[in-house]
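**Q** Generate the whole structure from the sequences, applying the supplied hints.
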Amino acid sequence: MMYAALIGDLVESKKLPDRQYVQEQLKQILAELNQEYSSAVASNLTVTLGDEFQGLFKTPDVLLEIADKIKFRMLPVKVRFGIGFGDITTDITRELSIGADGPAYWHARAAIETVHDTGGLMIIWDEDSPLQQVVNDSLALCDFVESRWRDSQTALIRESILNFGHSLDVSQVKLAELLGITTQAVNQRVQSTGYYQYLGMKNSITRSLKKEWDK
Numbered sequence: 001m002m003y004a005a006l007i008g009d010l011v012e013s014k015k016l017p018d019r020q021y022v023q024e025q026l027k028q029i030l031a032e033l034n035q036e037y038s039s040a041v042a043s044n045l046t047v048t049l050g051d052e053f054q055g056l057f058k059t060p061d062v063l064l065e066i067a068d069k070i071k072f073r074m075l076p077v078k079v080r081f082g083i084g085f086g087d088i089t090t091d092i093t094r095e096l097s098i099g100a101d102g103p104a105y106w107h108a109r110a111a112i113e114t115v116h117d118t119g120g121l122m123i124i125w126d127e128d129s130p131l132q133q134v135v136n137d138s139l140a141l142c143d144f145v146e147s148r149w150r151d152s153q154t155a156l157i158r159e160s161i162l163n164f165g166h167s168l169d170v171s172q173v174k175l176a177e178l179l180g181i182t183t184q185a186v187n188q189r190v191q192s193t194g195y196y197q198y199l200g201m202k203n204s205i206t207r208s209l210k211k212e213w214d215k
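Read left to right, the sequence shown gives residues 1 to 215 (this note's numbering).
If you're looking for bench data, these hints aren't it; they were derived computationally from the structure. Only a predicted model underlies this, so the values are computations on that prediction, with no experimental measurement involved. C-beta atoms are modelled at their ideal positions from N, C-alpha and C, and glycine is treated no differently. Hints may contain errors.
[As the list claims (entries may be wrong)] Derived Cβ-Cβ restraints for the label pairs, each shown as a range:
1. ASP91 with GLN184: 51 to 59 angstroms
2. LEU162 with ASP128: 34 to 42 angstroms
3. GLN35 with MET2: 22 to 30 angstroms
4. LEU162 with GLN133: 24 to 32 angstroms
5. LEU168 with ILE98: 32 to 40 angstroms
6. LEU141 with LYS215: 18 to 26 angstroms
7. PHE144 with GLU12: 19 to 27 angstroms
8. ILE98 with GLN25: 16 to 24 angstroms
[To be verified] Calculated cross-link-like contacts (lysine to any residue; reagent style SDA-like; alpha-carbon spacing at most 25 angstroms):
9. LYS78 with MET201
10. LYS78 with ASP137
11. LYS27 with ARG94
**A** Below is the structure:
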């Protein structure tokens, strides 16, 4: 059976003055996501080595959404991610994602080591797959777009993703209420951030991953 392993790591966390608080915040976020996405979870998102965490999933459908929810909730702390697809060769425990091993985790580990210096997210399942390169180039482009946002633009995407995931069917009136600004201001931010293009790209990547998964 194919699984998707996700490994995450807080960037330069040892330099944080409030590291213990950040670690507790991370644990709380992971616990909430384990509940929210319980139907997709094979083994719970679990903190493993201080500032590193991992989880195992039965489908790729929710991976990018979960990674984005962790990333935006942890701001201003940065998080890097590696995702791998493949088999699991050991027993799987639902409660804790510790001790499981196999190609899914090997690929996820290789992915996060690749982005160790640059940050962001990488997905590995087959180094010879042309789609894998396209997916990771697309993810890198999303990261580049994010890096150019002002704080107000980041806040728009953050509220949208935390409340509605990667849905494109989000009312600007609702976003205005969440942000405490006018709908006109929301519309301006939507245009300047490339809101629909950014979320549309995330959805396109997820659809491509699902097709690859279902082969």
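**Q** Among the hints numbered above, which are violated by the structure, and what are their numbers in rising order?
**A** none
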